[in-house]
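Novice: Those sequence lines, one after another, are chains A and B.
According to my numbering, the first sequence is numbered sequentially starting from 1.
According to my numbering, the second sequence is numbered sequentially starting from 119.
Honestly, the hints are just simulated from the structure, not real lab data.
We put the CB at the ideal spot given by N, CA and C, even for glycine.
One or more of the hints may lead you astray.
List of simulated lysine to any residue pairs, SDA-like, C-alpha gap at most 25 Å [as the list claims (entries may be wrong)]: (1) A:K3 with B:K830; (2) B:K894 with A:P12; (3) B:K961 with A:M59; (4) A:K109 with B:D834; (5) B:K890 with A:A25; (6) A:K109 with B:K830; (7) B:K826 with A:T106; (8) A:K109 with B:I963; (9) B:K839 with A:N60; (10) B:K830 with A:R114; (11) B:K961 with A:V100; (12) B:K839 with A:L16; (13) B:K830 with A:G66; (14) B:K839 with A:A97; (15) A:K67 with B:K961; (16) B:K826 with A:V100; (17) B:K843 with A:M59; (18) B:K843 with A:A97; (19) B:K843 with A:R114; (20) B:K936 with B:I963; (21) B:K826 with A:P12; (22) B:K826 with A:S113; (23) A:K109 with B:K961; (24) B:K830 with A:P12; (25) B:K830 with A:N34; (26) A:K43 with B:K961; (27) A:K109 with B:L828; (28) B:K830 with A:T106; (29) B:K826 with A:A97; (30) B:K826 with A:L16; (31) B:K826 with A:M59.
Quick list of simulated restraints, FRET-style, between CB atoms [to be verified]: (32) B:K839 with A:M23: 26 to 32 Å; (33) A:M59 with B:Q434: 54 to 60 Å; (34) A:E36 with B:E835: 35 to 41 Å.
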Amino acid sequence: MPKRILVVEDEPNMRLLVAEELMDAGYEVDTAENGEAALMKFKDKPYDLVTIDIEMPGMNGLELAGKLREIKRDVRLVILTAYSHYKSDMASWAADAYIVKSSDLTELKEVISRLINM
Amino acid sequence: MGARRFCNALLNIFESEYKEEFSREIAHELCGVLGAERVSLCLLEKSKGVYRVIAGNLLPVFSKVPVMLLPTDREGAVQIELETSTGTEKVYGIVLKRENNNLQEITGLLLFDKYSCAPEDLARLVEDLEYFLWVIPRYEHSKMYLEKYRSLWILTRIFEESRTVDELLKEFMFAVGEILEAEYTYFVREVAGGFEVKNLVLEREITLHTRFVPTEILDSNPLKYLKGSDKMVYKPTGLESLLGTNVKSAIFTKAEDGWFIFVNKRAKKHYVQVKSFDSLDFEIARDATRRYVLAKGRIEFDIKLKHEVEKLKQLQESYEELIETQREQIRKMNAVHYISQAMRTMYSVKNVYKTLLLGLTSGRLLGYNRALLLVYDEKRDVLVGRMWLGPEGENVEEEWRKANMRAMRYADVVQYLREEAMTLEIRNRLTETIENKIFPYKAHPILERCILRKKIFIANEKVLEAMGLGAADLASLLGTKDFAVIPLVGRDSTFGVVIVDNFYTKRSIKESDVEILKLISDSAGLAIETAINYEELRNKTLSLERQKSTIEFLREFSESVLQNMSSAIVVLDREGRITEWNKKAELYFGRTKEQVLGSELDTLSLESEDLKELCFQCMRIKEEITLSNYLITVGAKERYFDIKITPFWDSEKIMLRGVIITLDDVTERVNLEKERKKQEKLAVLGEMAARVAHELRNPVSVLGGFIKRLEKNQGDEEARKRYIKIISEEILRLENIVNEILDFSREPRSLEFRLFDINKLIKDVYLLLEEKIKEKSILFMFETDKEEMNVYGESARLKQVAINLLQNAIEATPAGGKILVETREGLDNIVVSVWNEGTPIPKDIAEKLFVPFFTTKVHGTGLGLAICKKIVEDEHGGKIYHESTEDGNRFVFELKKPSELQEVDLEK
């Protein structure tokens, strides 16, 4: 069974990029364009891992991370954002990893592989 | 009798040329046994119904004896009358028969003139002869069959080895003709108006002669033979005129598109029982022809196959070529991406240039042999030689090898470009030949087009020839006629051109490179622009530290200057002539009192727009006029003054005697304020870095990511189209962000003010956004005081403000809500307001609305309203602000009313 990943990202092209790359890497990938949609999908069928953008209209990534954690304690959460100065606060978000957006998604894929293929 | 000798003699008759001695020997042997003087031995030729004499001396050899002459059912010797060489005589004859499968088969006949042997000797002799005559022809026949079948092997070889149908036909006809011992071999087919006849001719080598025989010269239509199944015919009629030969027997076999005709058994010198084709020949011909059809099919198929394979090969080659070109194009696109990335990270223009040249010439990137940079010199309006990069030593290969080795040390191409560019020593021999040389571009057939029309130019021998001498200078400088000239295109200007060539490898530059070079051209322009902005920013930051300490000092200083400076006083009479001119005035304007008394203000060669008019206006309205920061140019110096013009009354305050002008020099203060404004902007620019980094990261990441995907999935046409669409979208987005930032950070450029109708502008903007308004079912209302309302300003800039405000309003209005745009005429201003229904903006946010980089949106630079403020307030001297209403928000901008003078301007 392939691991299931939910990509939460409001920028359509970025969302497409991450989703396509992860699909190529062999995961089963779903996407959501904001926190609300992500929450609905997650409640419907929990995922192994969720990548979350911080800056989104409506519910922001931090809130979403907290709520997902409430629903499923062992879900793996990866913050994927354009900001680099949030890193110090990572512990408080209960995220498992923090990755700055880049054209090179190798780091993201390595981190995900480490987190859910253990 | 020696049976063996007898048998051998008989065999010889069958196998060799006929010889008298064999016949004599047989006659001798037979006479000896019979006790006869003359004897003849005959064989039955069934087809002719005769006995043929093959040996003996009673009758001539090969003469015939009709079968009818002798009863076949009688045993023993019968007396008959025969015509012999000596006339009619009575002789004895014994019919020789052989019992075979209970059938009596006649094989021959023995004739003799008399006999004296015992009856049992005669019976034994007949028995022997019967046996020999039965077995020998059969043996001979078998031998012949064997021979024929053996010959058929030759056909197999021919079928295997023939490569063309013509060769096969020729070889086949020859071989089968030989096997059948045919006199002639033909291949005939029916064609329009007659027949095509091919016949085998043995000259020095085997050849096929082809001739056309028209139907009208034929005696009879040969179609009766060339129809239906294969056939064997004896003495056919009507073939002579077709084949040109007398036909005794012929075999017809059908081969797909024609008929083989084997004609006449060749004549033999030894004895044969059958002299025409027999059923075996027919079978062989038929069988061989069938095999011929198969072989012909195989060859045709082979040839077709070979043809198809050849076509496939060509297709594959062209396909591979296409893939190779595509791969090369993608590699180049990648290279452009890397070069752009490296250029973007450069903070100085010089390093951008170096990176560009390096990228163009590096074997790991675009790989042109040499790249020459000419930069545009604004002052002189010419191009000036700056750098030239390329191998310059004797050993070009070696230089390239070393450069490649350096490049291969880096895993990351961008890092390589960056580091190599920074350490690159550009003072080489090539550069020396062009450095600071002037290249006039005007009227130059290539350079002018590149600079003014921003077009890439690819030169080759033909094009240059067509251009004549005008373009020869570049060719002679470069030493080649194959090169490309690429303009470095910025937003408004062209920074120069880069000329690339392949001087050493002699590869010509392809037309397909234009797309790649176009990207380089744009991207380099953008990078240079950014670097120029950055250099400005850095210079300002550097002086900021120094200025910080002097700011305080300057402020104090200006204060003290102001304190200690008494004003300059000038008094004019009612005619505008100077009547008073104090010391400060002397100091400010460099004229002594004596020099100016009695003269008018405008004779002082002071550049002041309307000071004199204002003085007369003061006398008319009899009220004080104050002006602040009023610019007067004294000589080459610009000075700013706070000016007060006061009516000058006589002592009774009845008569106006003139005006008193008080001038305070506030140049220092004005400069200081300008400086402070600049610093404010610097602070803003500092904040920019974080915001811009965030804002750019998304599109840049997406761009890079999809370029990588494009490379990975280049075989997938559908994916490729989709990726290119996404890439274009993101590039557009990047451009918009960069434009906004540049727009905000750029020094105010000179504006082209003119009078125009603001209401028309609002209507234009509405049309522009109409679709979005309707999409959200917003009710749009427009109210105005006057049909036509003129303002004085640059319409394009103010249009940008209106678009921005309306766009914000649309975004903030809930679906089905209202938007109201109003233009009102105030006492001295024109007020434009955009109101929209929605939640009022809270006070703490409202305060920051016009602060650069402040935004409530998730994406966007946060510059929209800041740019509006810059346009309205800095450029047009107006005001822009926000008001919360009960159920919405209103954004207002006010512009000064155009003066009468400007109105007059419009009427003209």
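Novice: Does each hint hold? Answer for all of them.
Specialist: Each hint, compared with the structure:
Distance restraint check for K3 (chain A) and K830 (chain B): the Cα-Cα separation of roughly 23 Å lies within the 25 Å cut-off, and the hinted pair is therefore satisfied. As the CA atoms of K894 (chain B) and P12 (chain A) are separated by approximately 21 Å, the hinted pair is consistent with the 25 Å bound. For the given pair, K961 (chain B) sits about 23 Å from M59 (chain A) by alpha-carbon distance, which is consistent with the 25 Å threshold. Restraint check for K109 (chain A) and D834 (chain B): satisfied, since their Cα atoms lie roughly 23 Å apart, inside the 25 Å limit.
Restraint check: the Cα-Cα separation between K890 (chain B) and A25 (chain A) comes to about 40 Å, which exceeds 25 Å; the hinted pair is violated. For the suggested pair K109 (chain A) and K830 (chain B), the alpha carbons sit about 16 Å apart, so the restraint of at most 25 Å is met. A hinted pair counts as satisfied when its Cα atoms are at most 25 Å apart, and K826 (chain B) with T106 (chain A) qualifies at roughly 12 Å. For the hint pairing K109 (chain A) with I963 (chain B), the CA-to-CA distance comes to about 40 Å; that exceeds 25 Å, so the pair is violated.
The suggested pairing of K839 (chain B) with N60 (chain A) is violated, with an alpha-carbon distance near 33 Å, which exceeds 25 Å. Between K830 (chain B) and R114 (chain A) the CA atoms are separated by roughly 24 Å; this keeps the pair inside 25 Å, and the hint holds. Proposed proximity of K961 (chain B) and V100 (chain A) is contradicted: the alpha carbons are some 34 Å apart, above 25 Å. The hinted pair formed by K839 (chain B) and L16 (chain A) meets the criterion: a straight-line CA distance of about 15 Å does not exceed 25 Å.
For the hint pairing K830 (chain B) with G66 (chain A), the CA-to-CA distance comes to about 36 Å; that exceeds 25 Å, so the pair is violated. The suggested pairing of K839 (chain B) with A97 (chain A) is violated, with an alpha-carbon distance near 34 Å, which exceeds 25 Å. Of the supplied pair hints, the one linking K67 (chain A) and K961 (chain B) is violated, its CA atoms being roughly 31 Å apart against a limit of 25 Å. In summary, the hint linking K826 (chain B) to V100 (chain A) is supported, as the alpha carbons are separated by about 18 Å, within the 25 Å threshold.
This hinted pair does not check out: K843 (chain B) and M59 (chain A) have alpha carbons roughly 30 Å apart, beyond 25 Å. Proposed proximity of K843 (chain B) and A97 (chain A) is contradicted: the alpha carbons are some 32 Å apart, above 25 Å. Restraint check for K843 (chain B) and R114 (chain A): the C-alpha separation of about 33 Å exceeds 25 Å, so the hint is violated. The hinted pair formed by K936 (chain B) and I963 (chain B) meets the criterion: a straight-line CA distance of about 22 Å does not exceed 25 Å.
Proposed proximity of K826 (chain B) and P12 (chain A) is supported: the alpha carbons are some 18 Å apart, at most 25 Å. Only pairs whose Cα atoms come within 25 Å are accepted, and K826 (chain B) paired with S113 (chain A) is accepted, the gap being roughly 20 Å. At roughly 45 Å between alpha-carbon atoms, K109 (chain A) and K961 (chain B) are farther apart than 25 Å, so this suggested pair is violated. With a C-alpha separation of about 21 Å, the suggested pair K830 (chain B) and P12 (chain A) falls inside the 25 Å cut-off, and the hint holds.
A hinted pair counts as satisfied when its Cα atoms are at most 25 Å apart, and K830 (chain B) with N34 (chain A) does not qualify at roughly 29 Å. A hinted pair counts as satisfied when its Cα atoms are at most 25 Å apart, and K43 (chain A) with K961 (chain B) does not qualify at roughly 38 Å. Between K109 (chain A) and L828 (chain B) the CA atoms are separated by roughly 18 Å; this keeps the pair inside 25 Å, and the hint holds. The straight-line distance between the Cα atoms of K830 (chain B) and T106 (chain A) is roughly 14 Å, inside the 25 Å bound, and the hint therefore holds.
Only pairs whose Cα atoms come within 25 Å are accepted, and K826 (chain B) paired with A97 (chain A) is accepted, the gap being roughly 24 Å. Between K826 (chain B) and L16 (chain A) the CA atoms are separated by roughly 14 Å; this keeps the pair inside 25 Å, and the hint holds. Proposed proximity of K826 (chain B) and M59 (chain A) is contradicted: the alpha carbons are some 32 Å apart, above 25 Å. For K839 (chain B) paired with M23 (chain A), a C-beta distance near 19 Å fails the hint of 26 to 32 Å.
A hinted range of 54 to 60 Å for the beta carbons of M59 (chain A) and Q434 (chain B) is consistent with their spacing of about 56 Å. Restraint check, E36 (chain A) to E835 (chain B): a C-beta distance of roughly 37 Å satisfies the suggested window 35 to 41 Å.
Consistency note: the structure conflicts with the earlier hints numbered 5, 8, 9, 11, 13, 14, 15, 17, 18, 19, 23, 25, 26, 31, 32.
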